[in-house]
Amino acid sequence: MSTLADRATPTWRSARVAVAAAVVVLVVLAVLPLDAITTDLSGRFAGPSLAHPLGTDQLGRDVLARLAAGTRLSVGFTLVALAICTGLGTLLGVLAAWAGRAAGQAFQRLIDVLVSVPAIVVGLVVVAASEGPPGLDTLLLAVVLTGWTPFARLTYQLTVRERAREYVEGAVAVGAGPLRIAFRHVLPNLLRPLTAHACLRFSNVLLSLAGLSFLGLGVQPPTPEWGAMLDEGRQYMFAAPQLVLLPAAAIVGTALLVTVLGRLVERRWNSA
Amino acid sequence: MSAVLARRLLALPAVLFLASVLIFLLPRAAGVDTARAVLRSRLGEAEPDPDVLAAIRLEFGLDASLAEQYLLWLSHAVVGDLGNSFVTRTPVSGLLFPALGVSLVLTAAALVLAAVAGIPAGVWSARRPGGRLDRAVTATSVLGVATPEFVLGTVLVLVFAVVLPLLPATGWGSVAQAVLPVITLAAFPAALAAQLTRAETVDALARPHVVVARSKGIAERAVLWRHGGRLALTSVASLSGLFFGGLLGGAVVVEVVFAVPGLGGLLYDSVVGQDLPVVQSALLVIVAAAGVASIAAEGLQLALDPVSRSAAV
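Listed in order, the protein sequences are those of chains A and B.
Take the first sequence: its letters are residues 1 to 272, numbered as in our numbering.
Take the second sequence: its letters are residues 1 to 313, numbered as in our numbering.
This is chain A alone, in the form it adopts within the complex (with noise of 0.2 angstroms):
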């Protein structure tokens, strides 16, 4: 395999530098004060200027403030969102792979089947079982209900390793408890990969919101969302297809851009 590693370096060095050229891109547009909801009905699907460096939208907002916006709210909501299911997951798992053998199984079991259920049908069943019109609390339910299960799963696996190591026998020999054991020596142990983990998952909860909100079941207009502007970009692709391919690009270029910073963490992490 060390031919693998070695012919790939320059390939990761120079993903290294698109990496961070792109992490500053989004976050200075994520800080930029733009504003991003007043209409101009005059100034319609305006072509690139000074005033508007993107053009405008069907209703004559600036496109790229409303792209900076969106920044704003999936890279913001997506961090909360794996926040919980992180959290959630790493504790079920901790919490099954030390309740047994039965209960592990079990445990399992569910998570192979929540874990096949994909992210739009779980956000069009919460959103069918909910009363209200949908947005974000619906959209947090709908990531969060089966979100945490790879988490789970990770830890799980990873957990029920640890527990045959030698500084878990030591710490039961100078009589820690189960849950001392399990939060104060084996959770530290799994923070690494549990990270790794979360940036791979990143991207998958980002496409997740943007879908959701592509078919009117997450974030709802005026709030400028990528997902949404796509939606509302696609009835005026003859007439102004940048409105597609802007949105289009913002999602697909961060989805990519996580997944690649996620591969560098786990690759740095693997060879130190």
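Keep in mind that the hints were calculated from the coordinates and are not lab data.
It should be emphasised that the depicted structure is a prediction, and the values quoted were computed from it without experimental measurement.
By construction, the Cβ of each residue, glycine as well, lies at the ideal position given by its N, Cα and C atoms.
Careful, some of the hints might be misleading.
What the hints assert, rightly or not - Partner residues are not named here, just some residues of chain B that face chain A (Cβ under 7 angstroms, in silico):
#, residue
1, Leu18
2, Val21
3, Leu22
4, Leu26
5, Pro148
6, Phe150
7, Val151
Once you have looked at the hints, place chain B on chain A.
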């Protein structure tokens, strides 16, 4: 081998029963008043008349206890009577089964395309890890995983239906109409299959039996495909089972974007229209299909992989 499959088959009714209870309780657990939901789905948001509400409760048997309602619903469901749509007042089965047929064709075509594109790409790129072909396949597959169906579908419509008017953008029924939805649905599983096949084949090629095969003078191509690639098929097969179930439901986006009259589109329309009997029936069918597909994938895996076969008995 058959013991494992039999155990899984026996577990299927239990899973379905559990799913049916959850699906039945779903709207009630969330506090949705069924009678109001019926009215809203027919009339929009109008404030309901109490007399009309009472009539609807009678029509749908909503005065009985929850357990009675569930048993009634289930006893009808097992013989294929899934109730009437709130919106059209026609039997749900008349909407559901044609849609299921469409989705089965769409999903199967996408899976076949994904396998035909993804597996050879993975095997070929495993031949020289880090080589030019490998890097191209890896980059394409990473892009494929990062591109969701709604983006790919929309961009494909823009390019092949709007800019170059080669293919119809929507509808279902002709081969030309199937091209874009099938490609859109196949992209993600194809990318995953390529990544998985590549990783497994690289591992397999480093194993002793490959050294033996090479030392016997077997042609490189045969080594690559019969000794390397075949091992990857096992995990790709188990993945495909997960996908088939997931794709049936996950085809929601594709069916909405391309206006394909399948199960996902039906589920979406009925959720938006608050047509609860259709939502529940569609979910039940998706769960059942996912369960059957995962068992079929396990059977396929056992058939392909002698090791798991002997370990499983």
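Consistency of the hints with the structure:
1. The closest approach between the C-beta of B/Leu18 and any C-beta of chain A is roughly 9 angstroms, which is over the 7 angstroms cut-off, so the hint fails.
2. Violation of the interface hint for B/Val21 is found here, the shortest Cβ-Cβ separation to chain A being roughly 14 angstroms, above the 7 angstroms cut-off.
3. Violation of the interface hint for B/Leu22 is found here, the shortest Cβ-Cβ separation to chain A being roughly 10 angstroms, above the 7 angstroms cut-off.
4. The beta carbon of B/Leu26 comes within 5 angstroms of a beta carbon in chain A, closer than 7 angstroms, and the hint placing it at the interface holds.
5. Taken as an interface hint, B/Pro148 checks out: its beta carbon lies about 4 angstroms from the nearest beta carbon of chain A, inside 7 angstroms.
6. Interface hint at B/Phe150: satisfied, since its Cβ lies 5 angstroms from the closest Cβ of chain A, which is below the 7 angstroms cut-off.
7. For B/Val151, the shortest C-beta to C-beta distance to chain A is roughly 5 angstroms, which falls under 7 angstroms, so the interface hint holds.
Comparing the model with each numbered hint stated earlier shows that hints 1, 2, 3 do not hold.
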